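Those protein sequence lines, which keep their order, are chains B and Z. Counting in this note's numbering, the first sequence runs from 2 upward without gaps. Counting in this note's numbering, the second sequence runs from 17 upward without gaps.
I should point out that these hints are in silico values taken from the structure, not numbers from a laboratory. Wrong hints could be hidden among the right ones.
As the list claims (entries may be wrong) - DEER-style ranges, computed between Cβ atoms:
(1) Z/125 x B/126: 30 to 38 Å
(2) Z/29 x B/61: 56 to 64 Å
(3) Z/175 x B/8: 57 to 65 Å
As the structure is a computational prediction, the values presented were derived from the model and not from experiment. Glycine is no exception: its CB is placed at the ideal position from the N, C-alpha and C atoms.
Below, each chain spelled out in residue letters.
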Amino acid sequence: MILEVKKLLKTFGGLVAVRDLDLTVNEGETVGLIGPNGSGKTTLFNLISGVLRPDRGEIRFNGRDITGLKPNRVCQTGIARTFQLTKPFEQMTALQNVMIGRMYGSEPVLSIKKAEEESEKILEFIGLGGKSLSMAATFGMVDRKRLEIARALATRPRLLLLDETMSGLTPAEMEDAVELVKAIGDSGVTLIVVEHVMKAILDISSRLIVLNYGQKIAEGLPQEVVNDKKVIEAYLGE
Amino acid sequence: MNNWKQFSINGGILVLLILVPLITSRTDVLTWLYLTLVYIALSQSWNIIGGYTGQINLGHAAFFGIGALAARYIWLHFGLPLPLAVLGGGLASMIFALAIGVLVFRLKGIYFIIGTLVLAEILRLIFYTILPEADVMPMKLLGAYSLVPRYYLSLLIAVITVAVVYWISRSRLGLGLMSIRDDEDAAEASGVDTQRYKLLAFNISTFLAGLTGGIYAYYSAAFRAGGLFEPVWTFDAVIIVFVGGVGTIAGPIIGSVFFVLLKQILSLYLPGGLHVAVFGVLFIIVVLYLPGGLIELMTKFRKRTSAGDQ
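Could you put together the complete structure from these sequences and hints?
Put into structure tokens, the structure is as follows:
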């Protein structure tokens, strides 16, 4: 068990975004996290990555309590994330973007030269090899998404949270993205993937967790979960 | 190759600047160079927090002022050697930044900008009130006053400041600062301790601003303490950085040369103080139409001419 979320509660004013959520993720898994809009998926990512503090509950990573740690500390313990709306460092090159992750994440490399070499390799892996010296501001949506993942990978995460990295892609781009995420999983990184594109998430995930109104309503093998009556109701209404 | 070329050009300019007082004793030339060097140090120090880290600190005058005042007191009133006084000025600025930093960086965006501006204004009013009399250099020193050592001090501080920015721009620290400028959330998510790094940049920036104040403490025959905190010290630096090229090393240098040149020419032909208005307009034009500053213009021009050669 690499991640353990216990009785997690987060409210915004009167709105309960995440309600007494229990959740575990095992090492090496790729967990798909689905649910209708507003079901608390991104809030959960923000809680795990330290952007938000929970009102109650506990988050344990690798057996260590990380509840309430600042995002940079969470990152350094080995949890990386991407943002739904990509956040590249626009006035920096793709290479520099990735170097930030490499030099500041977990197992950081302090030498500029070494960080450069390793970051080049990560860009190569992600499919941005030829664009390492381009400014991130010049990137189109697909490249921005790739860069976002590259920067997260560069922090050497043991757990990677991917927040809707596939929305807005064409079917062909989607296929590439699915292969990429699978390759990341195969390299030994544990993944939690939030995605709305059902075909992609079924393809990637070894397990699905379904949220609705901040609560877990189903969990299990992907094919079983999507046929679950409660899940269908949550998506389509009764 | 290219590095060597760059290195020899920079070295050449430096040697030339060192030799200037030996070649000429014209005070107008020395004053012009002295001013340019002071502005290089002042704008380059602001560039660290404003240009590289993206924190628009409009209270830079406060740190210039504290540095100048502390250096003046240590040098003239406590009678310690000048190098100690200048260093003391830098440290005084930095210590003040350390004390105020945690508070100031609680403010984000526009509130940070307003907060820092107000900070400098408060200090300005306080110092006009508690030290209303002009601080005049003793007659003994005025009698032996020479511009040459002032010039060399400004050269030294300018070189130190540029060197620090050069080092930052190629370091892990510099990358971290730039990531904060571009996207604070993403920087934090990538492991950068944004709060700590902003404070670090603030301290380096204010230390150098304090050293620059030390030059002025040594240069100025007489000043009123409140005048050291006038917003113009901040805005000159900000304008120079943006006009020259924000977040670059060469930008503030070119900006300072341009600024002092234009200021001298304008003050010849325009009635007192009106040159400030010209700079204001220039600033707006650059921000709107040339966000990369003069540096960008030069790079474009160079590219075009080299493309024309082929």
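Is 56 to 64 Å right for how far apart the beta carbons of residue 29 of chain Z and residue 61 of chain B are? Because 59 Å falls inside the window, the suggested range holds.
For the pair residue 175 of chain Z and residue 8 of chain B, does the Cβ-Cβ distance stay inside 57 to 65 Å? holds (60 Å)
Is the distance from the Cβ of residue 125 of chain Z to the Cβ of residue 126 of chain B consistent with 30 to 38 Å? Holds: the Cβ-Cβ distance is about 36 Å, inside 30 to 38 Å.
In the structure shown, no violation is registered for any of the earlier numbered hints.
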